[in-house]
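Spelled out, the chains give:
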Amino acid sequence: MTNVYRNFSSSRRDFIRSTASLAATVGAAGMLPAMSARADSGADYANDLWERTKAELAGGNHRMELNIHAWEGYTEEPVLDPFSRQTGAKVNPQMLISDPAAVNNLRGGGTKTWDVINLNNAWQRKMLYPEGLITPLDKDKYQPLYEMNVPGFEWPYHWTLDVSGNHLLGIIQRYGPSAMVINSDLISADTVEKGGYAEMIEGAAGKYAILDYENWVIMHACMAAGFTPFRKHTDSEMAAYKEMIFKIFKNAKKVSDDQAALGRDMITGEVVGCFPGSVYTASAARLEGETQIMNVVPIEGPEETKTASHPNGRAGIIWIEVTSLVANPSPTPLADAFLVYCHTPEAAYRVGAKSPGTLNPVVQMGSNDCLSKWSKDELDAIQWGEGGSWLGSLVDRCIDFDINPDYDAMHDMYTEAKRTRGS
Amino acid sequence: MDSQKSISRVWSSLSSGLLCSAPLFVLLGLGFFGPLALVMLYSVQPRGSFSPFGTPTLENYIDIIEQAFYLSFGWSLLLAIISTALLLIICYPLALALKRYSGGMADTLTLLVVAPLFVAENIRLQGWVLFFDKAGFLDGSLNYLFGFGPGSLVNNVPSIVFGMVYIYLPFMLFPVLLGLSNVPTDVREAALDLGASKWRIFRDIEIPLAMPGILIGSLLCFVISLGAFSEAKFLGKGVIVTIAQDIESAFSYGQNWPRGSALAVLLIILAGTAVFFAMRKIDLNKVLGTR
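Chain order of the listed sequences is X and R. Take the first sequence: its letters are residues 1 to 423, numbered as in the working numbering. Take the second sequence: its letters are residues 1001 to 1291, numbered as in the working numbering.
Any given hint could turn out to be false.
Where chain X lies over chain R, by a calculated footprint (3+ residues, C-beta under 8 Å) [claimed, not checked]: (1) 1058–1071; (2) 1125–1137; (3) 1252–1262.
To be clear, the hints were calculated from the coordinates, so they are not data collected in a lab. Backbone N, C-alpha and C define an ideal beta-carbon position, used for all residues, glycine too.
I would like the entire structure built from these sequences, with the hints used as guidance.
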């Protein structure tokens, strides 16, 4: 029997081909970041720095336990075991369930427990550092590591710096575009990209799922309503958001925060796609050969995102994880060593490709030493494309993740919409 | 003189009793009443507060009334009532069978009931999702064998009730079994000899004698069902929201500990009311055989 889910539909093939060629064309014109890897001075520096760090650790008298509070990927054996083996440290990881919950953990006394915190960008610059919950890194030591990064993440990268620009607040590694994920056998990627969020919310009413990462649902509901979430909103925008969030829940077939289950639902055809969704939502299924599951970002964004360089605006949101040192009253040098270790090409590759259940691009893929470790299937799983052009085209349609000043009121509306969806 | 001796005896038994129970009082005070007091303090703090000692306000309770939280309370209450009733219907005959077929069969049945408790609740529920979901074990097998299947059987309220009955079954079964152990076999036999029908024996002898166990099992299941979370999350897939999910959301994504605390206080009051009324019907000394 033919497995329809394993066969590329012509529309998807056309879409991928057209996206890749478009990205290549625009990239050649200098409008898209060229994602190809560069010479490896950064990687050499990372390896040297790691060797020196290990030597320094060996002679020190310090706490040999490292407590990490991080998203999945940083909390599992593929990343932690080599670090433990090379340093002799005992690593105690705790996986995050959400950025806000982790911030609350630190505020509630978690600084005494944790040494390393890994969150999406903006929290460090706008909340953690001003509230004294994280400590700055040695700028001079980390700056040369930026040589490894893909374009768009060069030094100085503002999300890792404090407002004054004087203090380095963390390292960057995983990133990804976020908008929607679809099964392109069931709903045309081209249609969704051209039609925007409405193609899912209204066009596929009763057939899509909500990936229930609450703050991300709220952010994308704003984008779907026609404005960005990261500024104060007028009363009419709040009303538009309320209407949109109620519609999103009313029209959804199911709601789940289990992205693996939703990936399965998309493969079986239980749902045609999920809102919102990122590369991490699709990558595990894609690695299994289900390449019809893909992250899509609408071509046209809200009016306020339209600029001369982006006349169509930006409809997606890019997240960039920043890993920082917690202001632990009894710090250990293992924490800083862990951040150095994460920059070694092998560790960076493992963070991106060996996390259970999800693969994500890492900024260090700008280095040949790191990029060359990725297999063709792994690169396809993260929608890398020729020279990174596919991923680059998705990222280019995204605004940076930030803090939503109206989050409290919007979260109230979100929970009310969720409660009343069945009534 | 006698009265002095008797007072002294009472005092010495009282003080030794107090001494013996002191560790328990301390444990309860720190481990139970302490967090409870903290939750109550947080529930009257303004939104965004991460300290329990600010100026008290009732805004959280007002918000709860205004924002349709009655739906979550209503669903939790309804699910708790339905699942408790179903558990009673399922567990009573099962407990009867366990009591009557003592020996190998009873041991096997007990093992079957207890064994799932050794596996985490979430994993067991995920197992049922894979069983009932579209292209899951049931749907896939039927499709393979007969060319058709039921599709997805999750993402609805009955699947949530199924999950709750499955998870909480031991919490009803063993108290009911304890209750039935209060029914002496010779009393049943005497009633039979005197010509009582099976229905009359069930109604007038078994149920009244087993009532303490039935009430304890029902109370236990009702209270833990009120706080059910995973069944609605995994099997319901958002078809409804229980109050425990709202509390979790307030404490995590909502960054609103006071709101979560206020919801928790209301849930505690709801559960406490049920316990209060049920305990009036239960003579614990009789159940425990101390009188």
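Status of the hints after comparison with the structure:
Under the rule that three or more residues need a Cβ within less than 8 Å of chain X, the assignment of the segment 1058–1071 of chain R holds, with 5 such residues. By the rule of at least three residues with a Cβ nearer than 8 Å to a Cβ of chain X, the coverage given for the segment 1125–1137 of chain R holds, with 4 such residues. Counting residues of the segment 1252–1262 of chain R whose beta carbon lies closer than 8 Å to any beta carbon of chain X gives 6, which reaches the threshold of three, so the coverage claim holds.
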